[in-house]
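Visitor: Residue numbers (this note's numbering), protein chains in the order written: chain A, 1 to 200; chain B, 1 to 200.
Certain hints may be false.
If chains are identical, the list can't say which one is meant, so a pair holds when it fits in one copy or spans any two.
Simulated pairs of lysine-lysine, DSBU-like, Cα-Cα distance not exceeding 35 Å [stated by the list, open to error]:
#, residue 1, residue 2
1, Lys-36, Lys-139
2, Lys-18, Lys-139
3, Lys-36, Lys-103
4, Lys-57, Lys-18
What the hints contain is simulated information worked out from the structure, not anything from laboratory work.
Number of protein chains: 2
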Amino acid sequence: MAASAGPEIERLISLLAKLPGLGPRSARRAALALLKRRDQLLLPLSEALSIAADRVKTCSVCGSLDTQDPCAICTDPQRDPSLICVVEEVGALWAMERAAAFKGRYHVLGGLLSALDGIGPEALRIGPLIARATEPGVKEVILALPATVDGQTTAHYLAERLEGTGVTVTMLARGVPVGGELDWLDDGTINQAMRARRPA
Amino acid sequence: MAASAGPEIERLISLLAKLPGLGPRSARRAALALLKRRDQLLLPLSEALSIAADRVKTCSVCGSLDTQDPCAICTDPQRDPSLICVVEEVGALWAMERAAAFKGRYHVLGGLLSALDGIGPEALRIGPLIARATEPGVKEVILALPATVDGQTTAHYLAERLEGTGVTVTMLARGVPVGGELDWLDDGTINQAMRARRPA
């Protein structure tokens, strides 16, 4: 690294390099951009980070991040309390909200079962999910987990665990994504789309 | 964006998205990574930014960034004061220092002449460069500017301006980069390397 930049800049670069999407080289570029725009970018970002550290907490009901606990979604009377959508992480919850495809509540698992990474059921928020699913008024649990090996393993495990609760357990449909050209799709997706075909 | 994330998180995401190399999507991922690692990443980064904002300044001699003014390079008695290496930006200075190919001092122009972007000589630190070049003891000014149209325009302009000062004006060699396979090189580089060929 650039010894001449001084330890303060080096520390800034090494912290920025820990962000996903930034490597050592782009972290240097980001640090330079910050130092060049001290008042417009560096100070506001420093403040936004400290505010976020102060105020953002994990919702004790669903596991999402918000400045209030329970979070805005869990306390929103407009949202249907009979539907619980299970997602892997808060990023997936945000994606669902952007799509505005769901008007119930969420449950953030905090990861996926993974034999390879040694992540078992006790590491995830599965107990609280079962407890929520057995509450009166809950009718359906939608497993919105990724279409990966770990995602599907987790979905099967959850479906089994939820069997006794009496709720309907569903999962997201599989098929050709919007704008998806067949030429560019993987074989797995084409196969799923073919098997799940429906009347036109 | 995710309205459910709250204004504090939205502001953090939009500031992160202004960093080079991060778009809206990767800024969200970065914000999530920060919020998940509050004590290991979020708080340290907030602190590093505020320390950098407090302490890092522009060197009044060479234009580099450091916590001292004049900077560590300008005040280092081990470095040859007879050589001045002209670079576009602090990022280029850091790259030169990483390569450890130069033991003189620097001059950061703060940009390049660009007719397209309306950047004229008065917008760059050219006056101070001429002043430094005429100081007694300065023997050589090395133009380490990018091999682009703007870089070369700027280099020619500086060479002309420096003509009367009596210093030797040089520029970095052009040719095949280390590890460069001819197959992957652009025609311009191959042509330059051929014209500048030397005995093996």
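Visitor: Which numbered hints are broken by the structure, listed smallest first?
Guide: 2
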